[in-house]
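Trainee: If you want the building blocks of each chain, they are given just below.
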Amino acid sequence: MANVLVFTELHDGHVKPVTLEILGKLAGQSADVAVIGDIGADQVAELAKFGAQNVHKIKGSNLDQYSPEGYSNALADFIKSKSYDYVFAGATSMGKDFLPRLAAKFEAGLASDVTNFTMDGGTFAGTRPFFSGKCLAKVEITGPKPHFITIRPNALGMTASPTAGAGAAADAAGNAGEIRAMIKEIVKAASSKTDLTEANIIVTGGRAMKNAENFQILEKMADVLGATVGASRAAVDSGFAPHSMQVGQTGKTVAPSLYIACGVSGAIQHLAGMRTSKVIVAINTDPDAPIFTRADYGIVGDLFQIVPIMTEEFKKLLGK
Amino acid sequence: MNIFVCVKQVPDTETKITPSSDKSFIETASIKWIMNPYDEFAVEQALLIKQANSAANVTVVRVGSVKDTEALRTAMAMGADEAVLVEAADNLDSYSIAKALKGAIEKTGKKPDIILAGKQAIDDDALQVPQILAEMLGLPSVSVIVGFELSGSTVKVKREIEGGALEVYEVTTPVVLAANKGLNTPRYASLPGIMKAKKKPMAQHSLADVGVTDADRRVKYSNFQLPPEKPAGKKFDATDAAKQQAIVAEVVGLLRTEAKII
Numbered sequence: 001m002a003n004v005l006v007f008t009e010l011h012d013g014h015v016k017p018v019t020l021e022i023l024g025k026l027a028g029q030s031a032d033v034a035v036i037g038d039i040g041a042d043q044v045a046e047l048a049k050f051g052a053q054n055v056h057k058i059k060g061s062n063l064d065q066y067s068p069e070g071y072s073n074a075l076a077d078f079i080k081s082k083s084y085d086y087v088f089a090g091a092t093s094m095g096k097d098f099l100p101r102l103a104a105k106f107e108a109g110l111a112s113d114v115t116n117f118t119m120d121g122g123t124f125a126g127t128r129p130f131f132s133g134k135c136l137a138k139v140e141i142t143g144p145k146p147h148f149i150t151i152r153p154n155a156l157g158m159t160a161s162p163t164a165g166a167g168a169a170a171d172a173a174g175n176a177g178e179i180r181a182m183i184k185e186i187v188k189a190a191s192s193k194t195d196l197t198e199a200n201i202i203v204t205g206g207r208a209m210k211n212a213e214n215f216q217i218l219e220k221m222a223d224v225l226g227a228t229v230g231a232s233r234a235a236v237d238s239g240f241a242p243h244s245m246q247v248g249q250t251g252k253t254v255a256p257s258l259y260i261a262c263g264v265s266g267a268i269q270h271l272a273g274m275r276t277s278k279v280i281v282a283i284n285t286d287p288d289a290p291i292f293t294r295a296d297y298g299i300v301g302d303l304f305q306i307v308p309i310m311t312e313e314f315k316k317l318l319g320k
Numbered sequence: 001m002n003i004f005v006c007v008k009q010v011p012d013t014e015t016k017i018t019p020s021s022d023k024s025f026i027e028t029a030s031i032k033w034i035m036n037p038y039d040e041f042a043v044e045q046a047l048l049i050k051q052a053n054s055a056a057n058v059t060v061v062r063v064g065s066v067k068d069t070e071a072l073r074t075a076m077a078m079g080a081d082e083a084v085l086v087e088a089a090d091n092l093d094s095y096s097i098a099k100a101l102k103g104a105i106e107k108t109g110k111k112p113d114i115i116l117a118g119k120q121a122i123d124d125d126a127l128q129v130p131q132i133l134a135e136m137l138g139l140p141s142v143s144v145i146v147g148f149e150l151s152g153s154t155v156k157v158k159r160e161i162e163g164g165a166l167e168v169y170e171v172t173t174p175v176v177l178a179a180n181k182g183l184n185t186p187r188y189a190s191l192p193g194i195m196k197a198k199k200k201p202m203a204q205h206s207l208a209d210v211g212v213t214d215a216d217r218r219v220k221y222s223n224f225q226l227p228p229e230k231p232a233g234k235k236f237d238a239t240d241a242a243k244q245q246a247i248v249a250e251v252v253g254l255l256r257t258e259a260k261i262i
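Just so you know, the protein sequences line up as chains A and B, in that order. To convert, note that position 170 of the first sequence is 170 in the numbering used here; the numbers rise steadily by one, no gaps. To convert, note that position 66 of the second sequence is 66 in the numbering used here; the numbers rise steadily by one, no gaps.
No false leads were slipped in.
In silico lysine-lysine, BS3-like type, Cα no more than 30 Å apart, as pairs:
1) K59/A x K49/A
2) K260/B x K316/A
3) K145/A x K23/B
4) K16/A x K105/A
5) K158/B x K105/A
6) K57/A x K158/B
7) K156/B x K105/A
8) K230/B x K252/A
9) K234/B x K210/A
10) K252/A x K234/B
11) K278/A x K23/B
12) K220/A x K278/A
13) K278/A x K235/B
14) K16/B x K234/B
15) K156/B x K59/A
16) K80/A x K220/B
17) K111/B x K184/A
18) K156/B x K188/A
19) K105/A x K220/B
20) K320/A x K234/B
Hints are computed from structural coordinates only; laboratory data are not their basis.
Throw the hints in and build the complete structure from the sequences for me.
Mentor: Below, the structure written as structure tokens:
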């Protein structure tokens with residue numbers, strides 16, 4: 001059995017779902033959770049339900065706001081005061097940013113963006129995609145402990161019947177140390193929707209959208225589904241959508257439950273970025289479009305006719 | 001001002017990837033190699049800084065196999081002054097690469113003011129090297145940057161996070177910055193640029209020269225394989241407008257009854 005620490009970030013006071021996915025998968029190990037700042041009793045209970053033994057609330061000056069140096073300094077100090085074999089975090093914007101710094105402080109290895117793993121005999125062995133998922137490889141970590149791992153959101157899935165932990169919450173003193181790169185301002189996103197990398201449902205538009213205004217019809221369907229709208233590289237390069245919406249090898253790699261591709265031909269680099277979606281629906285006028293080779297449900301037809309009908313059908317189905 | 005740009009050479013995005021027969025990596029014989037797309041934004045940013053600061057020099061550094069040196073030659077054709085190549089296997093782990101980059105930068109004898117790199121290489125997609133390098137050099141880092149302003153020794157950068165929101169950082173050089181698409185529009189190498197690049201200096205080192213050994217490997221990759229193929233899905237012809245309503249209703253219904261996803 002390994003001693004494991006799972007770092008969780010908070011989003012509007014809530015732990016990110018990926019934290020619960022990780023905890024569920026760690027059943028049989030001794031898992032603690034660390035959070036920087038405060039966390040409510042309801043959230044501690046949620047972590048305990050998924051197996052957290054201790055919930056460490058690391059608090060200190062200059063830790064109210066994220067900074068790569070402050071967070072890695074404070075967590076390094078905390079980890080040194082304990083004896084963990086493994087430190088897990090979600091491969092979120094924040095996790096991907098500071099976990100490499102944190103691991104380097106221990107001259108330790110980091111397996112990033114892992115999509116599945118085992119802990120046989122208390123030893124980590126994982127699977128992770130290469131080339132945006134065009135192939136997969138086994139990943140193992142050697143060298144000094146603790147070993148660090150980031151897990152891709154939505155990849156493990158939520159454990160249906162988790163083993164509960166004690167969920168004992170306590171404060172720990174955090175030392176942010178010297179912070180040179182400091183956030184001065186945060187510019188909020190135009191949309192408050194879940195990021196593509198964490199979205200459960202994604203509606204993507206391709207070159208066939210013709211212009212930025214036409215993305216409105218995708219937004220309407222996304223609103224009904226609680227989905228996030230994405231775009232292919234062709235659509236982004238044509239100026240229909242910002243790069244933050246791009247799905248594919250030079251954009252975001254996504255793993256939603258449902259992916260609806262509208263007017264996306266399915267270039268190899270796009271397929272690489274969305275192939276791990278659980279169910280794929282494709283709408284395209286070209287019956288030979290490569291996207292149909294990946295689609296569970298393919299509809300050959302004009303997206304401008306199909307999408308509005310589909311939006312109404314989803315409304316009926318969901319009683320909206 | 002000394003600017004370093006770390007670049008990687010990766011298979012072109014349209015490459016069909018095939019695992020090698022021993023599954024230790026991929027077949028590399030017939031691959032078209034390109035500069036990692038995110039590194040192009042890093043090179044371009046370095047050249048923009050150089051344009052505004054006549055005393056600035058730009059060194060591109062790459063760790064990888066010598067098969068060809070497309071990435072370094074491209075960077076020099078775009079306008080970088082010199083290049084350093086550390087010869088290594090193409091499937092090195094991030095820790096070894098970062099340590100090799102550190103060694104190569106130190107070997108130039110130039111103290112870095114700004115180190116740029118792409119936010120990730122599109123081969124292993126690890127998103128680790130710039131941050132590890134920063135930690136090893138004791139420097140601050142900001143990753144996934146889409147905006148850059150330099151005034152004196154103060155750098156203001158915008159980092160893109162979830163949903164396209166931005167964190168605006170202020171940091172004093174020296175600093176390590178990892179570029180995202182959207183930072184700038186990389187220039188194409190001009191013909192005179194390509195000719196000039198052939199005469200620009202390129203230093204070459206072994207991993208041992210820059211202080212990296214097998215013991216520096218922290219992450220082992222093995223058993224490379226293609227992802228499982230999905231069974232063929234259902235395809236509906238909805239080109240006839242009269243049938244669209246029924247077909248779409250059927251597919252939406254299947255998402256609930258068959259796929260159980262909604």
